[in-house]
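Chains as they are written, first to last, in the working numbering: chain D, 1 to 137; chain G, 138 to 322.
Some clues are possibly wrong.
Per the computed footprint, the stretches of chain G lying under chain D, defined by three or more beta-carbons under 8 angstroms from a beta-carbon of chain D, are [claimed, not checked]: (1) 138-149; (2) 230-240; (3) 310-316.
Since the hints were made in silico from the structure, they are not lab data.
We put the CB at the ideal spot given by N, CA and C, even for glycine.
Take a look at the letters that make up each chain.
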Amino acid sequence: MKNIKFLLLGIFFAIVLSKSQAISWYRFYEMFKFQSFHMFGIIGGAVVISAIIMQLFKSGKIKDINGNKIVPKPKKKGVISTVFGGTLFGLGWGISGACAAPVFVILGFKFLPALIILLGALIGAFIYGLIAKKLPN
Amino acid sequence: MDFLLQPWPWFIGGPLIALSLFLYFYFGQNFGASTNFETLCTMAGAGKVSDYFKKDWKQRDFALLFVVGLIIGGFISANFLVPNPTIDLNPTTVQELTDLGFANVGESYFPAEIFSDDIVFSLKGFVILILSGVLIGFGTRYAGGCTSGHAITGLSSLQLPSLLAVIGFFIGGIIATWFIIPILF
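Just chain D, same shape as in the assembly (with noise of 0.2 angstroms):
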């Protein structure tokens, strides 16, 4: 199994977002209302490192570990589709506390409700994909 490492690289990932509350409904909610820095902080403090790590994979100093340059899938573009999108995922994400990787860690403490929207999410997932071509982009 080579891809074993993603089920490891997983299980870290969500140790760091419990451990630093970032699955937490409450430090989202103090993130929405400018209460607290602590989210910012994460979220700030992962984007600038990781601009840093964008730069050396583009300048070709850190290649993937089949030895292939790592170019980030660029991002589709639209303004109405990104915007719009974005604000019914944040409607959601303000609600609920959940986004797409910690409703998969917050099974993992809370199973019952974050099944239910897990749930949601596939259902509003295929909706979307029903719908995708009428969607305005």
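Given chain D, put chain G in place with the hints provided.
Only chain G this time, still in chain D's reference frame:
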């Protein structure tokens, strides 16, 4: 060992998230989590209904293993690594939520008013959970990413769509906490 049992401050969490991103790319893949929602739909047979889901999920098995790791890591944390789940909240936050009717604010990671098995079996609680899930699933796919994919990967690689998406995330999050939570509770 003592360090493992204490809450980690932001200046430990932020760099370790960056390390996770680094390892994800180093292992040859793009860091992100929300595409898994699509992959799980595909595995559940959504391809029979819509061509959008006709994809080979075996090419994304690494991401599914990552997800299994997330669940295992969450379980390990919940049972062994977070002996004291108290959150050191701003007193203003505690007061506001208490005024809204939340009990024991900050004494655990998740408020019982949203995250308890009893709530799941109430109509209001179930609807809040499932609808916020639908918004998360639909929103991330429409926007093309989530906090990992846009806010961390996209912003750090200086992509304009990610900046727009993150602005959207905050518009939605602010509307939810400032206006919707007070209506719901």
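These are the hints, each one checked on the structure:
no.: 1; hint: 138-149; verdict: holds (count 7)
no.: 2; hint: 230-240; verdict: holds (count 3)
no.: 3; hint: 310-316; verdict: holds (count 6)
Violated hints are absent here; each numbered hint is respected by the structure.
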